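Asks: Residue strings, one per chain:
Number of protein chains: 2
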Amino acid sequence: MQRIHVHELSEHRGERVRVAGWLQQQRRLSRLTFLLVRDRTGVAQVVVQRPELIAEAAKLHPETVVAVEATVVESDQAPNGVELHEPTIQVLSPAGAPSPIDLRLAGLKESLPTQLDHAAVSLRHPCRQATFTLTAASIAGFRAALDGLGFVEIQTPKIVGSSTEGGANVFGLDYFGRRAYLAQSPQFYKQTMVGVFERVYETGPVFRAEPHDTPRHLAEYVSLDAELGFVEDHFTVMAVAREAVAGMVAVVRDRAENAVEQLELRLPEVPTRIPVLSFSDAQASIEAATGENVVGEPDLAPAHERWLGEWARREHGSDFVFVVGYPMVKRPFYTHPDPARPGFSNSFDLLFRGLELMTGGQRLHRYDDYVAALDARGESTAAYEPYLAAFRHGLPPHGGFAIGLERWIARLVGATNIRETTLFPRDRTRLAP
Amino acid sequence: MQRIHVHELSEHRGERVRVAGWLQQQRRLSRLTFLLVRDRTGVAQVVVQRPELIAEAAKLHPETVVAVEATVVESDQAPNGVELHEPTIQVLSPAGAPSPIDLRLAGLKESLPTQLDHAAVSLRHPCRQATFTLTAASIAGFRAALDGLGFVEIQTPKIVGSSTEGGANVFGLDYFGRRAYLAQSPQFYKQTMVGVFERVYETGPVFRAEPHDTPRHLAEYVSLDAELGFVEDHFTVMAVAREAVAGMVAVVRDRAENAVEQLELRLPEVPTRIPVLSFSDAQASIEAATGENVVGEPDLAPAHERWLGEWARREHGSDFVFVVGYPMVKRPFYTHPDPARPGFSNSFDLLFRGLELMTGGQRLHRYDDYVAALDARGESTAAYEPYLAAFRHGLPPHGGFAIGLERWIARLVGATNIRETTLFPRDRTRLAP
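In the order they appear, the protein sequences are chains C and A.
If you're matching positions, the first sequence starts at 25 in the working numbering and goes up one per residue.
If you're matching positions, the second sequence starts at 25 in the working numbering and goes up one per residue.
Note that these hints are calculated values from the structure, not bench results.
Just so we're clear, the structure is a prediction, and the values are computed from it rather than from any experiment.
Check the hints yourself; a few may be wrong.
Listed next, the in silico DMTMM-like pairs over lysine to aspartate or glutamate satisfying Cα-Cα at most 20 Å (straight line) [unchecked claim]:
| hint | chain 1 | residue 1 | chain 2 | residue 2 |
| --- | --- | --- | --- | --- |
| 1 | C | Lys83 | A | Asp392 |
| 2 | A | Lys83 | A | Glu110 |
| 3 | A | Lys83 | C | Glu403 |
Taking beta-carbon pairs under 8 Å as the criterion, some of the chain A residues facing chain C (in silico) [what the hints assert, rightly or not]:
| hint | residue |
| --- | --- |
| 4 | Ala44 |
| 5 | Thr112 |
| 6 | Leu116 |
| 7 | Tyr213 |
| 8 | Pro229 |
| 9 | Pro410 |
| 10 | Leu455 |
By construction, the Cβ of each residue, glycine as well, lies at the ideal position given by its N, Cα and C atoms.
Just chain C, with the same shape it has in the complex (with noise of 0.2 Å):
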């Protein structure tokens, strides 16, 4: 017998059919047992009134796949009105131990550490689900939006000659013998191929030998980078910045409402016009509304970022904010800096609810300014070289901007670590599963 998934059920009223997936559950009452059975698309309720049956199933773990087939029957106690009474139960594969997650409560009540360590069961709750659902249809809105935009997606190798975002926060291996990195952005690689397809987009991992344990970092997590020539400035990229967010909620919007129902979230609205503050305003409508000294610092803190964005959501009614023109000092060096204003840059940051989501800006584009750069940071070129190859045979002027796919979504559903939206986190202490 064919197979149906469970959302299908009351379709099937008074029908015998065949469902598959994992028994989550058996409740015991004096006469019978109810059974809970869990596919990808709900719960069915089945109803075991025969003795050896009953003794049958009370042997089998939790997690244990079968396969039942049994005749679909109204109820209105069960959920979506249908419960499967008259079953024959098929193992299709046992589970081997008690598990070791409790699957049956509306959230986990274990700690985050534990259901890390038992990701591969911890993962199967509706809520650990619909967030990884979320997460896939963001990718896919990041990528219509810029599909839509006329960009191409690339794919940049992650083993790199040295390192891109330069720091001490680089992996290194051993490749063939001589000395690589893992690369911790597609930065160069981007902006090369911006002379290729004026514009282009990658989704993929990026490496941080962070060596803080901070519930904001991973080792390694996904990046999804976009870059465009022909640029204006930094305002023609947040543009299109705009578009890339507006098209992640918008597929979360439409493939992901279960997810959002399950998780009980509000979507934000993307404005057509995304606030925009400077960085000087930003800091001096922070001094005078704290009274705290920021003016003249290099950085906005995370209690600043927080602050924005309460100002944003009372001001615009909106959820993001960009703040644009960072000091020179703080950013990159293959950042454009801002003609009219020294020691500034052509960069921004876009903060959704308080959180730097995203960081952007325009870059260099002439190889002499590279050298300059590079010279003025007293950082050698030679590494660089390569790289900067690109740069003396015309790149236009160009720019773009990077989203931390965990970070967003960490966001979206108000997780307070990143490693609750990773599958598979890796930071300092964790290398597995």
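Using the hints provided, position chain A relative to the given structure of chain C.
Replies: Here is chain A on its own, set in the frame of chain C:
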């Protein structure tokens, strides 16, 4: 003035317009110079008559990025039937050196190593652009087909605690003072995720420390992976694999029409039922036809795959053929044996025009079977324990497959070296750009 693209020029006859792109070539005649300016949509011919402007332009290296404002004039001899007259030319970004690659010809005449050394420029050639347009369309088609079949996209870690496919060809790295590896495949993760979503796919990089320098192998490539639960056997998997490939071809046909034309490709038809041959029958046929002693060998040689490709085309008019039931000894330890034929497996390869494009099969799904399979190969289960845990808690009968994206494109465009279908290839000797 708003920039328009070259392919829009013919809609603007008689108007003053602005285009921007790369100065690909200058053709000097006695009284005038033709400039060829390339953007991502085509090449425009600009007619320069003013002597000062001819002299100015003569100083510019090829690949200088320029903006041209000019009048669109009909011309029988120009590309698209129009050319640009009375131009003003603005240099947006200089090229600081002569181009290392000649982009003027219909094809690239430089050797492959030279092309790869100067990828930033050689990838700008229309033929190279076309190849990677096919790549983008193929990966989009893979995702669209599987999305349509209820699969969920996942992202799994590339830094892992133990090798997935065994063998020596794994890259090691220092992970905060511990030993870690780069994932050779997302194999265990996608299997684990069958327990969560039943049907999952991933498109991402995989890493093989391939010590041999061949035209078929890379140290890093893009793997299109899928895995699904509640399968009958490998034939259930093959039906989905057929849909994935058909989706790839469909989106290439739909979105990459110009690239197909540029490269003068014949796209394959994917038969509703791809021909299927058992490994044993394949060997018998090859032996009967060629006189070679192949029956009893544990695997097919590349020449035998070519023979089978020709057979499929001759006998079935198909560019594709499935070979099923490979000997267990040549398949990974997680392969499900054929219950009816000891020593053989529920596995398959899909050959495309005589080359292995995809490998897949049914997997073991019971924990005890994994322990037995590892024992039989003399491997310790300890290293795999974090992954095997998933099998203690109920994984349904399942299977999956993987396609090497670059290999697919190589076969599609007829490239003899897989490096031609990788933007920035990585091999034993190549780590940059």
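Asks: Indicate, hint by hint, whether the structure satisfies it.
Replies: Structure-based check of each hint:
1. C/Lys83 to A/Asp392: 18 Å, holds
2. A/Lys83 to A/Glu110: 19 Å, holds
3. A/Lys83 to C/Glu403: 32 Å, violated
4. Ala44: 5 Å, holds
5. Thr112: 17 Å, violated
6. Leu116: 6 Å, holds
7. Tyr213: With a closest approach of 7 Å, the A/Tyr213 hint holds.
8. Pro229: 5 Å, holds
9. Pro410: 4 Å, holds
10. Leu455: Where the cut-off is 8 Å and the nearest Cβ of chain C is about 4 Å from A/Leu455, the hint holds.
Against the hints set out earlier in the document, violations occur for numbers 3 and 5.
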